[in-house]
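Asker: Chains as they are written, first to last, in our numbering: chain A, 29 to 93; chain B, 120 to 407.
The set of hints was computed from the structure by calculation and includes no laboratory data. All figures in this text were calculated on a predicted structure; none of them were measured in a lab. Please note that a few of the clues may not be correct.
[Claimed, not checked] Okay, derived cross-link-like pairs now, EDC-like style, lysine to aspartate or glutamate, Cα gap no bigger than 20 Å in a straight line: (1) B:K265 / B:E221; (2) B:K150 / B:E266; (3) A:K57 / B:D192; (4) B:K170 / B:D205; (5) A:K58 / B:D192; (6) A:K57 / B:D205; (7) B:K150 / B:D203; (8) A:K57 / A:D69; (9) B:K170 / B:D203; (10) A:K58 / A:D69; (11) B:K200 / A:D56; (12) A:K58 / B:E191; (13) A:K71 / A:E43; (14) A:K58 / B:D205; (15) A:K57 / B:D203; (16) A:K58 / B:D203; (17) A:K57 / A:D75; (18) A:K71 / A:E85; (19) B:K150 / B:D205; (20) B:K265 / B:E255; (21) B:K200 / B:D165; (22) B:K382 / B:E339; (23) B:K265 / B:E286; (24) B:K382 / B:E316; (25) B:K265 / B:E220; (26) B:K170 / B:D356; (27) A:K57 / B:E191.
If you want the building blocks of each chain, they are given just below.
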Amino acid sequence: MRIRVNGNWMELDAETVAAVLEHFSLTDKKVAVELDGVVVDRKNWADTAVRDGAVLEIVQFVSGG
Amino acid sequence: MADTVEAKRSGADGDAGKEAERGDELAVGGKILRSRLFLGTGRFPDPLALKEAIAASGAEVLTFSIRRVQLEDLAGDAVLKHVDHDRHVFLPNTSGARTAEEAVRIARLARAAGAGNWVKVEISVADETLLPDPAETLRATELLAKEGFAVFAYCSDDPVLCRRLAEAGAAAVMPGGSPIGSGLGILNPYNLALIAEQVRVPVIVDAGIGAPSDAALAMELGASAVLVNTAVARARDPAAMAAAFRRAVEAGRLARLAGRIPKRKYATASSGHEELISPPYRVGGVPL
Numbered sequence: 029m030r031i032r033v034n035g036n037w038m039e040l041d042a043e044t045v046a047a048v049l050e051h052f053s054l055t056d057k058k059v060a061v062e063l064d065g066v067v068v069d070r071k072n073w074a075d076t077a078v079r080d081g082a083v084l085e086i087v088q089f090v091s092g093g
Numbered sequence: 120m121a122d123t124v125e126a127k128r129s130g131a132d133g134d135a136g137k138e139a140e141r142g143d144e145l146a147v148g149g150k151i152l153r154s155r156l157f158l159g160t161g162r163f164p165d166p167l168a169l170k171e172a173i174a175a176s177g178a179e180v181l182t183f184s185i186r187r188v189q190l191e192d193l194a195g196d197a198v199l200k201h202v203d204h205d206r207h208v209f210l211p212n213t214s215g216a217r218t219a220e221e222a223v224r225i226a227r228l229a230r231a232a233g234a235g236n237w238v239k240v241e242i243s244v245a246d247e248t249l250l251p252d253p254a255e256t257l258r259a260t261e262l263l264a265k266e267g268f269a270v271f272a273y274c275s276d277d278p279v280l281c282r283r284l285a286e287a288g289a290a291a292v293m294p295g296g297s298p299i300g301s302g303l304g305i306l307n308p309y310n311l312a313l314i315a316e317q318v319r320v321p322v323i324v325d326a327g328i329g330a331p332s333d334a335a336l337a338m339e340l341g342a343s344a345v346l347v348n349t350a351v352a353r354a355r356d357p358a359a360m361a362a363a364f365r366r367a368v369e370a371g372r373l374a375r376l377a378g379r380i381p382k383r384k385y386a387t388a389s390s391g392h393e394e395l396i397s398p399p400y401r402v403g404g405v406p407l
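Excised from the complex, chain B in its bound form (with noise of 0.2 Å):
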């Protein structure tokens, strides 16, 4: 039903938006994307609706981990069944790293299972907030870019640490908006705006959205693209959900080229006083 949802709309939304997004592809890790929404492949219902929520995201880029194969249960993980190798990229994470060198294994590992070069840098040691461990994800983005790895630097946000990574060969630097799977959003704007002014590669937003409008915002902010896993799997239907963000991204993309208004204290009417029939109030009705 989704997929029917989605050809409609695509249909009703007419030309001028194509047209405005032509040419702005995202260059990232040596490849060129159209959409700027990666999608996270974990905590789905099924595996039929991560298929459908992958179709109606548009998304190109998915994250997946890597884990030990089950020998008693071959079948366990069927993942990857739906997954078309010759449309999506794949990212895999180094979830479960606590440092440095478990994270290269692992990246490593993920080369060799035939995901390419791009690895999303992901080492936590704090388990409550799973927030990434800064120096850790520093060494480990220095090891991989020398070993060649387009290495995605899942980093707080912070502009220097942001800065640091970029300068340490990182292809993107991925700053969560809030812990992983917390849908708190973006919890810092003003660093998050600082990260897309100042770093010189890709920012892509990565953890803590929860709903379009984050994703939006993100966006808006200056954002080169943004991941959502849980926000979208965890939805009560997560293929319309993932179509939400789909235009989510797109429309906050489309508004930071267009320019924002900068924020004002006091009103700015929008409708013109010259020639009113009736002259301005004062308040109380005392003619000026």
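If we strip away everything but chain A, and leave its shape as in the complex, we get (with noise of 0.2 Å):
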């Protein structure tokens, strides 16, 4: 299945949000989650369905002003 992830496409066998997010280590970490232009909130990422060519951008706080 191929996604695409904070600007980079790549195959990647993830049915929901949380297998994208346990795919990249970040399940515990302080992180939000957009898929397709729409906030998917922590509870719902197991029951959220990532389909091929789905966009999601996976956003954390930085240092900022």
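Take each chain as given, in its own frame, and dock them per the hints.
Answerer: Next up, the structure:
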């Protein structure tokens, strides 16, 4: 399955948002996820399907003013 | 070392200052704050310097940005390791947004990442000055306030705009003293005083603060709080500068509450003229 994560297209066998985050070891990190332009709350990660061609953004807090 | 200095000084200050400040908390965005100094977390030389500056500043509110996770370098920005989540309030900004819609998108992500419902709306298309876009900022404030966000609107120091932002539902307005990171201080004290006088929500001076004296002036002019970042982060000794800002904000606040004297053109003797041992003389030594 081909998906785009943070701007990079990649082959990844991950059926759900939770599986994508697990792949990147981000499950326990303070991150937020957007799937095809819509924020997916943490409680819905496991139930939200990721389809071929999906576009994900995974963001975090960084230092800033 | 800064911690030691801090501890000694707060002991030496005695209880008078504490008495005066008791009951002077700042209510904003549904929270009660004791510190009127907000600290930005950007541009510090290293995470330890940030940690020490946070401690020395006494700040309860810390700002952050939202960026993509670096998938190939997960250790990347370790800034949050040094933040005590129970003691500090997160104020994520929408830096990078160029439109109201982009700001809304970033705000939603910040909330989903666990920042609570506070957001500092920061929208700029002026790459050289980073001055905020008033029209997009007003629109984003309306949209986000309707979604239940406590909106802290970073804006230009325009009294009318600040009133419009408050009417649009901003929890606080954050007029800039001067462009971000410029250190030019409060370029328009007249406007800032008007904003503090006319806007019903807290006024938090953001951007351009270069030295503690700028922060004290902002508070004397009636600001509710001050947000500082670069002036601390890029100081030779960030922790010591953070301690200086802490005192400056407290001093400015106390001065505001104490009521400064009006400015006069001519002198007013602070020692009385009555019963002088020698009579007053005119210029040239001729007795009156």
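Asker: Starting from the hint list further up, note which numbers the structure goes against and sort them upward.
Answerer: Going through the list in order, the structure violates no hint and respects every one.
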